Amino acid sequence: MNLGQHLIIAPILVPLVTGALLLLIDERRRLQKAMIGVASTIILFAVAVALFRFADSIDGPEAARQGVYLLGNWAAPFGIVLVVDRLSALMLVLTATLALPSLIFALARWHTAGAHFHSLFQFLLMGLNGAFLTGDLFNLFVFFEVLLAASYGLLLHGSGLLRVKAGLHYIAINLAAALLFLIGVSMIYGVTGTLNMADLAVRVASVEPQKRMLLEAGAGILGVAFLIKAGMWPLNFWLPPAYTAAAAPVAGIFAILTKVGIYVVLRLSLLVFGEGTSSSSGFGLQVLLIGGMATITFGAIGVLASQALGRLAGFSVLVSSGTLLMAIGLGSGAITTGALFYLASSTLTISAFFMLIELVERGQDAGASMLAVTMEVYGDADEDEPEEGGEGVALPGTMAVLGICFAACGILLAGLPPLSGFVAKFAMLSAMLEPAGSGSAALVPAVMWVVVFLIILSGLSALIAMTRSGIRTFWASLEGTKPRVLVIEVAPVLLLLLATLLLTVQAGPAMRYMDATARALSAPHQYIDAVTNARQVGPASAEVQQ
Amino acid sequence: MPERLLFFLLVLPFAGSIATALLLRTASRSLPAWLAGSVALIATITTALYYPSVTAGKVVRQEISWLPELGLNFTLRMDGFAWLFSMLVTGIGFLVVVYARYYMSAEDPIPRFFSFLLAFMGAMLGVVLSGNLIVLSIFWELTSIFSFLLIGYWYHNANARDGARMALTITGTGGFCLLVGVILLGHIVGSYDLDAVLAAGDVVRAHPLYVPTLILILIGALTKSAQFPFHFWLPNAMAAPTPVSAYLHSATMVKAGVFLLARLWPTLSGTFEWFWLLGLAGITSLVLGAYFAIFQRDLKGLLAYSTISHLGLIATLLSLGSPLAAVAAIFHMVNHATFKASLFMAAGIIDHETGTRDMQKLSGLYRFMPHTATLAMVACAAMAGVPLLNGFLSKEMFFAEAVETHADSILDRALPYIATIYGAFSVAYSIRFIHTVFFGPPPTDIPNPHPHEPPRWMRFPVESLVFACLIVGIVPSMSIGPFLSTAVLSVLGTETPHYSLAVWHGITLPLMMSVVAMVGGTILYSLLQKYLAHCEDGPPIFRHLRGQRIFERILVTVSWKWARWVEANLGTRRLQPQLRLVAGFSFAAAAIPLYLSGFEPKLAPLAQVDPAFAMIWIIGMLSAVSAALLAKYHRVAALVLLGGSGVVTCITFAWLSAPDLAITQLVVEIVTTVLLLLGLRWLPKRVGKIDESTMLSARLRRLRDFGLAVACGAGMSILAYAVMMQPVPDTIANYFLDNAYTQGGGKNVVNVILVDFRGFDTMGEITVLGIVALTVFALLRRFRPASESIGTTEQQQIQNAFDDAQPDRKPGDTVRDYLLVPSVVMQWMFPVIITFAIYLFLRGHDLPGGGFAGGITMAIAFLLQYLGGGTRWAEDRLRILPLRWIALGLLIAVATGVGSWFVGYPFLSSHSQYVALPFIGKVPAASALLFDLGVFSLVVGATVLILIAIAHQSIRTYRIRTEPKPEDT
Amino acid sequence: MELVLSLGIGIMTGSGVWLILRPRTYQVIIGLSLLSYAVNLFIFGVGGLKVNGPAILADGTEAAALSDPVPQALVLTAIVIGFATTALFLVVLLAARGLTGTDHVDGREQSQ
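If you read the protein sequences in the order shown, they are chains D, L and A. Those letters in the first sequence? Residues 1 to 546, per the working numbering, in order. Those letters in the second sequence? Residues 1001 to 1969, per the working numbering, in order. Those letters in the third sequence? Residues 2001 to 2112, per the working numbering, in order.
Chain D on its own, in the form it takes in the complex:
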């Protein structure tokens, strides 16, 4: 077994080891810690890209098996397996793409705002990657807890009234969700006697009705846990306050957290309750569809109603989740393709937007007040308050650059051309309006009209809200207070926006990848085959001498 095959586990081990090592370094040696953190994140990005290329090259069952990693060399379903397929690889790359800018952004000032920022950040990455890679239901729970624990830490990073209050709610609700997760998993185990997702998919087919209802009950409870994470209305009220309260770079990486919930829903609903797998195929799709509609509506309204940019961004997270849930709920491959593209695009956008907001509002009251609260509460000489401005090169032509970034974010959120937001919206709409493929005389079902209407509406609300706040910020703002913005603070935002631009220009290949992903998801036999037939190394017994 050569090192190349161990690459699959690297996204989990690299941040773990880094996080642990960082603990051994004294808090005061910030630069050193920062450098190590950045280095590890860069490595992570490289690994993610490598895995992405591998996943993209998967063409048959043999290649698919290469993407399965048997931990402890125990054959599935007994041991825990890690699986790299197109979907997980996509999520890995997305995570890494968000991680690097967020971390760089934090180096300007935020990483000094509290203890152990870098360790927590690395552990968050570990949790995310683990959740995307694992093929085991309970292991998924563990990694959920890892990333949640880290997210608690990061949300509270910098402390302060707002963060602690938001954190209390966030933690309480996620603890409840964790309990639900446990109940769900254990019920599924009790009924099917397995924890491995692929094995589960196999066994579900043969569950007798008396047990099936219990299985579905378990799945339902599990679903609630995931939908809380995914931010489905009405289980999402904790989200905007939490994301708004979080420090900008933290919010930047949090943009992927809701997508974890989406990912799991997408993965499990298609794997376990996919087309024709069993009598309970298509379980819960209705809920996703309706929930998604409610979510996108609530999100759009919230976007219109929010005065502070932070809340606007928080609600656009909900819009994004709602759109995705709706798309999944429609349960059509073509729509899923568009939805995956949208997932990538919107995640990048929101992450960029969260960081941009901090820069834009720095000059103004709204942004300052958050810090002010922190200052005020910890008035007495706290050595690790983020020093204003921070060291580094200040940016020339600040307002112009920020303005362009803001416009780009607005265009992306509203799904206006020419950026990836438009491509995503177009892909979804065209799939929705062409139920029976292009050119057919098929009519569009009523529900599709509602969905289309809601998507357009959400775009419109984003347009109105963004122009309103943009005008307020850049055109009608009182003269004077020009924020002092460092290059390493704008660079991350530009980086992310560049990524969306790349996504636009390379729309063709990107869409092909998403299409392959969607098809693999809707026909999971390859995944199942890969996991169940993954080969152990050597005779497993050879290693034990009595």
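Keep in mind that the hints were calculated from the coordinates and are not lab data. Any given hint might turn out to be false.
Said to hold, decoys possible - Dumping the calculated DSSO-like pairs for lysine-lysine here, alpha-carbon to alpha-carbon at most 27 Å: (1) 1685(L) to 1632(L); (2) 2050(A) to 1747(L); (3) 1530(L) to 1361(L); (4) 211(D) to 2050(A).
None of these values were measured; they are calculated from a predicted model.
With chain D held as given, fit chains L and A onto it using these hints.
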């Protein structure tokens, strides 16, 4: 001309725009203008050179593959019609640049202006040249965005901001509709390619989705062309710099709408819906626009409304669905562009020279600027449709078409009269423009009282445009003729009718109508003259219901008032409702599937219930319930009771032959309790009951929560019972039981699972513990207690609290008696516990125990020292560096896992053998043991870190905290 | 056995749910602890109950005699994570109490 140059032609303006933007810091006024001007000129010339390749219905295409899967390719396509429009866009663009060079003042950030202008030119060219409907809608939205930036150019002025926002909101919305519309169209045709769409007219018109498609596309076009009922954004867009109005609001942007309608004319036109929808909008705008125009005080306002009316004319012509009408429409697009652009420029000059555009202030300017005045008059005459000017020709065509009967209906029959009335109105406002501004006494109160002719080159654009009006007006067939026919041919193809551009057709009905209109208009103006001299802005009746005010109000109400209300009422920022929802949803999520598949729990005979077990559980339940009741006012009691149910849980595990769980539960129990006790000290005193129960609402809330709690509880029991009673499936557990010893090398299956089969879980689990410890530490570094809980020391607090709890103690609580053991004993116990911890750890692989239990026990040993001796005492004697322990724990665990790489096995593959240690005997030295060591170390580190962090709070000195600010946003 | 245990689980859950719906942070944390007991027992119960079976594989005990080890392993993990999160929540509620000056879950006393 080579095809690939099309792309160049499109890119050129954008490139120019970026180049101009980079001059941001330049001081020179003319450099950006030169750059922009030359770009525009090159574009014009390039376009002109394409003429030979588009004549006689030839088409130039260039296709760049972009998103072929979805039929979205970057297709550029130039035919006669596109060519004509490209000429307008680039040519007038060039003139506008020249004009703007002199119009803009030195204070304005010139580079930004020209950069936006060029970008807009590019977007407009894109609309005209795109050969793919989606690409078209892309550039369509781009024009909206850049027009937003151009209208808002002078953003320090509030009108500019509002005008810009309204324009974007309306045209942007239209764009969204258009997108859906063209997607539908593409879905009907089976391709977004323009050629395919143009070829599929019959299919489209017959398709059931035709009407929705049509409506959506019409919304797009009408919003863009400022047609009724979306017209009101245009007058507000007049806050833009005049060059922008001259370009966007006469020649290009507003023309995009009618351009699209003409473009899709072969596909969509000729149906009943088409005639009525488009016709109504067109005719209404035609008349209302002209009528409103009469009563404007602002010159640009007049021109704006006249634009609405002229576009209405074009729309009406297109709605008729006859080829001749289409010809007239295309012809009028060109004519209107020329005279209206020149008029806007003239208005700009007047504004520039006098400092006002208010027609009640302006008068007698002829004597100051005869040259400009003459030009303006000619252009106005063209607008009014005076013979020998281009406006006349297309208007005559319109009248001719109005007389013809197309789709027989009231609307169609009324059309001639409406047309005549419109003619009269247009004559009236044209006369008003000329008369009030240029004739009469010299102006009295204008900002700069000494107006004079503008610079030579500022007049040049106006001159050239007016010249065009004249040439086309006098010798149409020799000037515009060939180009027009090329354009018409490319739109109508085989349907192209015979038409003549002659000025004189003899005494015809249309001519009569024109005469009537002329006379009528003149009379109308002379009647209104007095009134117009002093009336307030806007037409008599409609003055008070202004479109944009209604729009604003709706926007504010919906997007602000309602939205905030809904957000406030459909959402919450309080925790309790949220948890309520979570509980409710999870209950439903479990209950609904069960209900749907007709679930009924079947009870087993109660015979085999062990009374002792039942006894224990009665205690457990009682303590749980009473904990629930006491948690508010008797915290310690509640804590003790919680412990009670914890112990019951623990006993249950032991009873049901799960010793590992029992041990772990017990040790965790201890630590948790201590933590909570440490925490209690910082909570506010709650003496005496705050009497909520009297309040009805509170009582109802309680009742609801109680119901929910009961429901969830019952649900859980039923689920648990059902799952337990159902036959155990063939689980993966059997594999573990069979292989734990042979392959895992351990007799304690649970432990083998933890460290070997599912060791990865354990690794994640300890990471969680570590993370939490870090978080706790980081948070408590910043801990500031509430002012009232600063003071008494921790021990006192605990002792008092404990004594309070004495009365309601239960037998089950005695486990917690270590609280009373004197500290001395605790110190003696230290080594004993340590030994026990190590013992637990070592035997873990074969007997109940293991790294976690060991670690916690170890931590308890330290904890006891803290409790016994007090924080300071303990720290004087013990140097623990918890962070080290945590880091090492994780690293050891990972290292163990990675170790197996070197023997060519995957992560965490175990290797086990037994070694004999003195006193302890044979212990399994599986690599798993090393892993467990990592667990042990981390658990010690994390637990101690948490405990220390909390314990430390009581020996810190705090300054009294000022009250925090209330939460904002 | 099963009946008693499931009743117990139910009661614990009920009390827990009731508590997490209360307005005081301390009530919430007690409630969460109760809930985690209930859930742990639930997971354990899923494996089926075996009274005084052997704890470990002694030589000659056939595997079937042991109670299902997997849920036990899960419970162990769950206990640890539960412990960690309880500790965290405790500290956060202390911090919140310190910053807001109240122990209400929303950081301010509700008027109603």
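Hints versus structure:
Taken as a hint, the residue 1685(L) and residue 1632(L) pair is honoured in the structure, with Cα atoms around 11 Å apart against an allowance of 27 Å. A C-alpha spacing of about 18 Å is found between residue 2050(A) and residue 1747(L), which places the hinted pair at or below 27 Å, so the restraint holds. For the given pair, residue 1530(L) sits about 14 Å from residue 1361(L) by alpha-carbon distance, which is consistent with the 27 Å threshold. For the hint linking residue 211(D) to residue 2050(A), the alpha-carbon distance of about 21 Å falls within 27 Å, and the restraint holds.
When each numbered hint is compared with the structure, no violation occurs for any of them.
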